[in-house]
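Engineer: Sequences are here, hints too, so could you generate the full structure?
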Amino acid sequence: MSERTQTPRLSGQFSKALVYAELKHHNQVRKGGGDTPYLAHLLGVAALVIDDGGTEEQAIAALLHDCVEDAGGPPTLAEIRANFGDDVARIVDECSDTDETPKPPWRERKQRYLTHLADVGEPTLLVSVADKLDNARSMLRDHRTHGAQLWQRFTVKDPADHLWYYRELLTAYRGRGLDSWMVDELGRVVDELAGAAVV
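Here the sequence shown stands for residues 1 to 199, where the numbers follow UniProt numbering.
Mimicking EDC-like on lysine to aspartate or glutamate, the simulated pairs with C-alpha atoms at most 16 Å apart in a straight line are:
1. K31 <-> D142
2. K110 <-> D93
3. K16 <-> E79
Label pairs and their calculated CB-CB ranges:
4. D86 <-> Q152: 34 to 44 Å
5. D179 <-> K157: 27 to 37 Å
6. D119 <-> D179: 17 to 27 Å
7. R167 <-> A82: 35 to 45 Å
I should point out that these hints are in silico values taken from the structure, not numbers from a laboratory. All residues carry an ideal CB built from backbone N, CA and C; glycine is no exception.
Structural biologist: Below, the structure written as structure tokens:
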């Protein structure tokens with residue numbers, strides 16, 4: 001992808017985005033249980049983007065990718081655009097499955113997001129797959145620790161629904177020709193999660 005660099009250099013904008021993300025998600029924790037700050041997920045996604053050669057804008061968007069849907073909706077997107085620019089705001093917007101409050105039903109949101117992936121810009125795809133990979137890895141880790149009890153922590157409690165979504169995501173990423181090791185890694189994690197979910 002032409003949007004990537006071999007050695008992304010992170011400026012003060014990345015640090016500024018990290019502070020902004022921490023403020024927006026300050027009181028949030030991961031769904032998997034415990035008291036892991038939500039910021040751990042955002043850092044994980046940014047690290048995956050950087051590791052795959054993403055640009056600073058993509059790394060910043062990775063830190064901010066959940067701000068619109070989980071911390072403020074359209075006004076937050078306007079703040080992101082003003083503080084971090086149009087490119088970052090576009091990626092964040094395209095990574096959001098909703099900006100509505102209350103959120104629409106889970107299946108409806110996920111289906112819309114899957115359809116939407118056909119039209120998003122290439123820079124967004126890298127951030128999107130990093131987000132889904134970090135989430136899937138977290139689910140797998142939590143399943144190893146908590147077993148089937150893990151699913152009770154989600155709004156949608158049937159693991160088959162989560163597996164459906166991840167498999168459809170893989171189809172969408174492959175259909176777009178996303179050239180990233182993360183697509184294969186996501187497939188491996190989803191297969192392992194599927195095996196664990198039926199035990």
